[in-house]
Each structure stands twice: as C-alpha cells, then as structure tokens.
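Novice: Sequence:
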Amino acid sequence: MDPSSLRTGNNNPSVDRSSIASQALQCFFSKHLIDSRVEQLPGGLSGAWAFKAVLGEKPFCLKGHRLNGNPAQLQTAHAIQLLAQQRNFSLLPKLTFTPDGNSLVLHKDRLWELMEWIPGSPILRKNRTFAHLKAGMKGLKDFHHFLKEVKKGEYLPLPAWEARVAAIRRLVRNFNSLTHSGKKFLLEPTFLEDLLEKVKWCCHQLEESLVQPPPMTAIQYCWGDARADNLLFQDERVIGFIDVAGLRLDGVASDLARFLGDFCLDHPDWFTKGLDYYGDISLEEVRLVRKLDAMGILASIANWFAWMQKGEIPVDIPAMEFRLVEWFERLGKWKERGTF
Numbered sequence: 001m002d003p004s005s006l007r008t009g010n011n012n013p014s015v016d017r018s019s020i021a022s023q024a025l026q027c028f029f030s031k032h033l034i035d036s037r038v039e040q041l042p043g044g045l046s047g048a049w050a051f052k053a054v055l056g057e058k059p060f061c062l063k064g065h066r067l068n069g070n071p072a073q074l075q076t077a078h079a080i081q082l083l084a085q086q087r088n089f090s091l092l093p094k095l096t097f098t099p100d101g102n103s104l105v106l107h108k109d110r111l112w113e114l115m116e117w118i119p120g121s122p123i124l125r126k127n128r129t130f131a132h133l134k135a136g137m138k139g140l141k142d143f144h145h146f147l148k149e150v151k152k153g154e155y156l157p158l159p160a161w162e163a164r165v166a167a168i169r170r171l172v173r174n175f176n177s178l179t180h181s182g183k184k185f186l187l188e189p190t191f192l193e194d195l196l197e198k199v200k201w202c203c204h205q206l207e208e209s210l211v212q213p214p215p216m217t218a219i220q221y222c223w224g225d226a227r228a229d230n231l232l233f234q235d236e237r238v239i240g241f242i243d244v245a246g247l248r249l250d251g252v253a254s255d256l257a258r259f260l261g262d263f264c265l266d267h268p269d270w271f272t273k274g275l276d277y278y279g280d281i282s283l284e285e286v287r288l289v290r291k292l293d294a295m296g297i298l299a300s301i302a303n304w305f306a307w308m309q310k311g312e313i314p315v316d317i318p319a320m321e322f323r324l325v326e327w328f329e330r331l332g333k334w335k336e337r338g339t340f
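Per my numbering, numbering of the sequence shown is gapless, rising by one per residue and ending at 340.
Simulated from the structure, these hints should not be mistaken for laboratory data.
Treat each hint with caution, since some may be false.
[Stated by the list, open to error] The calculated DSBU-like cross-link candidates involving lysine-lysine, where the alpha carbons are at most 30 angstroms apart (straight line), are:
no.: 1; residue 1: K152; residue 2: K52
no.: 2; residue 1: K333; residue 2: K134
no.: 3; residue 1: K151; residue 2: K141
no.: 4; residue 1: K291; residue 2: K126
no.: 5; residue 1: K291; residue 2: K200
no.: 6; residue 1: K200; residue 2: K108
no.: 7; residue 1: K108; residue 2: K31
no.: 8; residue 1: K134; residue 2: K108
no.: 9; residue 1: K138; residue 2: K152
no.: 10; residue 1: K141; residue 2: K152
no.: 11; residue 1: K152; residue 2: K126
no.: 12; residue 1: K31; residue 2: K138
no.: 13; residue 1: K126; residue 2: K52
no.: 14; residue 1: K94; residue 2: K200
no.: 15; residue 1: K333; residue 2: K141
no.: 16; residue 1: K148; residue 2: K291
no.: 17; residue 1: K273; residue 2: K134
no.: 18; residue 1: K273; residue 2: K335
no.: 19; residue 1: K141; residue 2: K291
no.: 20; residue 1: K333; residue 2: K291
no.: 21; residue 1: K200; residue 2: K335
no.: 22; residue 1: K310; residue 2: K108
no.: 23; residue 1: K94; residue 2: K141
no.: 24; residue 1: K94; residue 2: K31
no.: 25; residue 1: K310; residue 2: K200
no.: 26; residue 1: K333; residue 2: K138
no.: 27; residue 1: K138; residue 2: K148
no.: 28; residue 1: K141; residue 2: K108
no.: 29; residue 1: K94; residue 2: K108
no.: 30; residue 1: K94; residue 2: K148
no.: 31; residue 1: K108; residue 2: K126
no.: 32; residue 1: K126; residue 2: K273
no.: 33; residue 1: K200; residue 2: K333
no.: 34; residue 1: K152; residue 2: K273
no.: 35; residue 1: K126; residue 2: K333
no.: 36; residue 1: K52; residue 2: K108
no.: 37; residue 1: K94; residue 2: K134
[Stated by the list, open to error] Derived Cβ-Cβ restraints for the label pairs, each shown as a range:
no.: 38; residue 1: K151; residue 2: P119; range: 27 to 35 angstroms
no.: 39; residue 1: K152; residue 2: L82; range: 17 to 25 angstroms
no.: 40; residue 1: H32; residue 2: L104; range: 20 to 28 angstroms
C-beta atoms are modelled at their ideal positions from N, C-alpha and C, and glycine is treated no differently.
Using the sequences plus the hints, can you model the full thing?
Specialist: Below you can see the structure in the form of structure tokens.
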C-alpha cells in the first residue's frame, strides 16, 4: 500500500526549518559560523526536527525537540550520554556544549541539541538479514547492561503496560467518534473502515489483559525509541544508537517489543530468532514481549486518533502515514492468523 494514497488531500504546512536550524547551530559556538550548512533528515514519530550539520568538513547531528515534550527526560538522556562517554561505552553519540557549558539551547520554541555524527546507516527493510538482527540484539543487550549500571532496578509494575492499557481504553471509549476524526483528517473512507475493523478485532483479543494488573518486573533505564532505523550499522556491525532522547525507566521487555516489532514486522520466525539472539528470556517473558508488541500498535493508533481529534498532528505527515500503513498490515496479518 502506498502511504500517499491514505488521504484525499494534504494539510502539512511548510516551515523554513533549515533557517531556524542554522540559527540554532550558531548558538553552540562563540564565533560566527561561515563555512557551515544544514541538511534536513527524514522526520520521525517524536516530532523532533533532525538535521545533518556540517562545519567545514566535520559533520554533526542537530536536533530540535518540541517544548511540549519532556525537557527533564531530555536532560536525563544527556546525563546518561555523558556517563557513557566517561565509561567508554562508545555506542551513544557524544554531546557538544555551548561556550557556557550547556548541552541544550532554547530557540524558536524548541530545545536544540548538537551531537557528533556517527558514521554508518540504518539497514533498509529489504536488506535486513539474520546477521543484522543478531548484531542488533547483541547491541541492545549491551546497551541494557550499561543502563542497568546507571540505576539498579526495583521490581515494580511495568510502566509500558500501564501506558498502553490507558491508551487502548481511551481508544475503545472513543470508538464511535473515530470515523469522524478520520474523515476530518481526510483519510480514505475504505482504508478507515478496514483499519477500525482490525482495531476492534485486536481490542477484543486483549480484553482480558486490559483488566489485569500490570506485571511486576525489574525497572531500569531503557532506550524508549527502540526502532530499527535508530540503530546504525557498518556492514553487519552495530556502531551506534541514535535518537536516545526517549530514555526512560521501564522494563527491558518494552524495548524488546518495540525493536522486534519494528525490525521483524509480521515474521514470527524472525521475532523468535531475535529473542533467542538476546538470550536469557523465559517463556513468560516471551509472551509478555509479544503482548506488548500488539498493545503498542493499538496504543500508537490511539495516539494518532487523539492527535487528529485535537487537530494537532505533531510530526511529519509522511512519516506517520508510513507507520499507519505498517500497523494496518500487521493487524490484518494477525486477524487472518487468528493470533498475534
């Protein structure tokens, strides 16, 4: 399915982001920048603006985060990045500071950060192999081991479970108004009807989970934005994690569900292989990861409709449409199979 076919129109306003980014870049340096340029990178789901900034011959990654996000979470991520540098954990990007020693700059209603550019690139879906999956899972496990040392985990209710349940309940509660919201955003009626049918089926499959207490698990810092295109490779070797602004206290099962769901899509053998590569996973944890994967898709769709109802889609429209197609197709495969 072509994501551009989802809507009957276009409501994505143009903003001169490059000029704003160039101004923000200057804030990190005491001297006026002469030989510099910025190139916008594809948008993601967090609403952050991302750029490749080049000063002379040296590349950097420049990001502008929305103020209605979580500044404290961003500051925590920076503290962890500094700790990684001190402990020689080389998979996180190194921060650049202003002349005043700040790692964040407020400019044009966004918080900006500047990091050293990590060479390498994400692996396109069509080029992914088991070797990439194995390397990705090893990198994720190493990341989790490092993060575990940052804060020793307590056994607490799983935050990701509680957040997903709240979003799904909101989705079910507002189901009758979703058709109107979709039409308001100009979604094709046939696509919208099929999507809502699949969402209803999936919600029904999760009815028991929605009334159960959240599972107790060891809580530690986790990646948060654990998506395959936030992992950089050189050949079949992981060389860096990007988009670490979402670092949060959670259970590692949440990261596993996000990463495997995104990397493997609806290939159960890949999903199983990925968990094997990660290792030390009990059967109960495997079930939890699969359930979190399904709940995560419904929660994402719930957020999509909530944004539409408010009329404030906070991210690049094409990126969100691409994700919506993936969710639609995964829900369809589960419905055909009769299980997640």
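Novice: Now tell me if each hint is right for this structure.
Specialist: Hints versus structure:
{"no.": "1", "hint": "K152 to K52", "verdict": "violated (35 angstroms)"}
{"no.": "2", "hint": "K333 to K134", "verdict": "holds (25 angstroms)"}
{"no.": "3", "hint": "K151 to K141", "verdict": "holds (16 angstroms)"}
{"no.": "4", "hint": "K291 to K126", "verdict": "holds (26 angstroms)"}
{"no.": "5", "hint": "K291 to K200", "verdict": "holds (16 angstroms)"}
{"no.": "6", "hint": "K200 to K108", "verdict": "violated (41 angstroms)"}
{"no.": "7", "hint": "K108 to K31", "verdict": "holds (21 angstroms)"}
{"no.": "8", "hint": "K134 to K108", "verdict": "violated (41 angstroms)"}
{"no.": "9", "hint": "K138 to K152", "verdict": "holds (21 angstroms)"}
{"no.": "10", "hint": "K141 to K152", "verdict": "holds (16 angstroms)"}
{"no.": "11", "hint": "K152 to K126", "verdict": "violated (38 angstroms)"}
{"no.": "12", "hint": "K31 to K138", "verdict": "violated (42 angstroms)"}
{"no.": "13", "hint": "K126 to K52", "verdict": "holds (25 angstroms)"}
{"no.": "14", "hint": "K94 to K200", "verdict": "violated (44 angstroms)"}
{"no.": "15", "hint": "K333 to K141", "verdict": "holds (29 angstroms)"}
{"no.": "16", "hint": "K148 to K291", "verdict": "holds (24 angstroms)"}
{"no.": "17", "hint": "K273 to K134", "verdict": "holds (8 angstroms)"}
{"no.": "18", "hint": "K273 to K335", "verdict": "holds (23 angstroms)"}
{"no.": "19", "hint": "K141 to K291", "verdict": "holds (20 angstroms)"}
{"no.": "20", "hint": "K333 to K291", "verdict": "holds (15 angstroms)"}
{"no.": "21", "hint": "K200 to K335", "verdict": "holds (10 angstroms)"}
{"no.": "22", "hint": "K310 to K108", "verdict": "holds (23 angstroms)"}
{"no.": "23", "hint": "K94 to K141", "verdict": "holds (20 angstroms)"}
{"no.": "24", "hint": "K94 to K31", "verdict": "holds (21 angstroms)"}
{"no.": "25", "hint": "K310 to K200", "verdict": "holds (22 angstroms)"}
{"no.": "26", "hint": "K333 to K138", "verdict": "holds (28 angstroms)"}
{"no.": "27", "hint": "K138 to K148", "verdict": "holds (15 angstroms)"}
{"no.": "28", "hint": "K141 to K108", "verdict": "violated (37 angstroms)"}
{"no.": "29", "hint": "K94 to K108", "verdict": "holds (24 angstroms)"}
{"no.": "30", "hint": "K94 to K148", "verdict": "holds (20 angstroms)"}
{"no.": "31", "hint": "K108 to K126", "verdict": "violated (38 angstroms)"}
{"no.": "32", "hint": "K126 to K273", "verdict": "holds (18 angstroms)"}
{"no.": "33", "hint": "K200 to K333", "verdict": "holds (14 angstroms)"}
{"no.": "34", "hint": "K152 to K273", "verdict": "holds (28 angstroms)"}
{"no.": "35", "hint": "K126 to K333", "verdict": "holds (19 angstroms)"}
{"no.": "36", "hint": "K52 to K108", "verdict": "holds (19 angstroms)"}
{"no.": "37", "hint": "K94 to K134", "verdict": "holds (25 angstroms)"}
{"no.": "38", "hint": "K151 to P119: 27 to 35 angstroms", "verdict": "holds (30 angstroms)"}
{"no.": "39", "hint": "K152 to L82: 17 to 25 angstroms", "verdict": "holds (19 angstroms)"}
{"no.": "40", "hint": "H32 to L104: 20 to 28 angstroms", "verdict": "holds (21 angstroms)"}
In this structure, the earlier hints numbered 1, 6, 8, 11, 12, 14, 28 and 31 are contradicted, and the remaining ones agree with it.
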